[in-house]
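Participant: Respectively, the protein sequence lines represent chains A and B. If you count the first sequence from 1, position 46 lands on 53 in my numbering, and the numbers rise without skipping. If you count the second sequence from 1, position 160 lands on 437 in my numbering, and the numbers rise without skipping.
It should be emphasised that the hints constitute simulated quantities derived from the structure, not laboratory data. Think of the CB as a built atom: it goes at the ideal place given N, C-alpha and C, for glycine as much as any other residue.
Examples of chain A residues lying across from chain B (beta carbon under 10 Å, computed):
(1) 70
(2) 71
(3) 74
(4) 76
(5) 176
(6) 177
(7) 179
(8) 183
(9) 199
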Amino acid sequence: MLLDALMWTIGNWKTMQSAIERHLLMSGISLAIAFLIGVPLAIAITRSRIAAAIAINVVNSLRAIPSLAILAAALPVLGIGLWPSVIALVVLALPPILLNTYVGLREVDADILEAATGMGMTRGQILRRVQIPLAAPAMFAGMRTAAIQVISGAVLASFIGGGGLGDFVTAGIAIMDVPRLLAGAVPIALLALGVEAGLGLMERRFFGAADEGNRTTQ
Amino acid sequence: MRWAPRHIPDILAALGQHLFLVFVSVSIAFVIALVLGIWGARRPAVYSVIITLTGAIFVVPSLALFALLIPLIGLGTKPAVVGLVSYCLLTLVRNVATGLRGIPPDVLDAADGMGYGPWRRLIDIELPLALPQIIAGVRIATVTVIGIATVAAYINAGGLGTIIFAGIDQRYPEKIIIGGLLTSLLAIVADFVLTRIERRLRADRIA
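Excised from the complex, chain A in its bound form:
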């Protein structure tokens, strides 16, 4: 059966290649946008208790919405194609990035901040040279969770015409073509496992033991 899937993959290599590229492109753009929104937003809300409370509640209620519904909701509002999927995936990636960055920044020891202020550092310097480096492990853990969310979500993008590897799975299930279905599902699983393992390895290399406590669940 796996052999049939492999034959199918070789036979349709061009389509396969463009689907993989599409999947990676979609995930990469979404993660980058989520990072560019999430990190500054997290920094901004550390300065106001009310803003933080509002942002965290909004983000937590976003997390209650299933990924499928977030992607499906993009369809009537934004139509089909790459960008509606990207926007939906940004919504999926934002909560772990925002929450982990916020928690990471908040957990920086008050004494350290006081010492930095005492040394005459400005607020911007403290942020760049003290807070962000100390929050980096938590931020990285957030990115890792977000990356997995986005790769999983990108599979569902197939339902709203976003393309990617999910197309083989949905088409395979729809016409009960097992080789095609596996030709989609196996690379998706390997991609997710590879990214998770790779980022886990980077996390251990940069920050020592991976801090599972920093991770928000899927």
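For chain A, the structure is supplied; the task is to place chain B on it using the hints.
Facilitator: Below, chain B alone, put in the same frame as chain A:
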């Protein structure tokens, strides 16, 4: 809102199927995780193997996992439950094991000194003390599975996902919103109820 008021029975049926899928999956996963967690709490080597395996399953995107199960067990409720059970295992095993490991050694010594055998100690002392942590695991697993179960509709397992998929196919926003909203509501209610139970258990223990 033109569709929903006229299809309340259909919506309730989908909600019922969804609850059934979630309840069956979390229950089966709970039994498996209890065994694996108790075993893992005693043997760190076994624990790391279990966590690596269940962690790997957890990372596999839901649609891909369901698809991988189709050649083995076909379409419908069966592969959906197998898939959802697999997703629960990581959280549940981890919480059972950390709950059991968090018990102070003094307590276990005292139980041994009072003549408790290993089984009685486990059932009368260890599991009740680990219960808040275990319930926390059940809560996280339940909330996760409520969301993922929507995707199971694509492999004919029914549930609230059917409404969302119908909305996508027919470009009918109301169905997408109703399906999505009910699923979110279910997740929020489950989270709330299980958090209350967890808090009450923790409070009882302090008192």
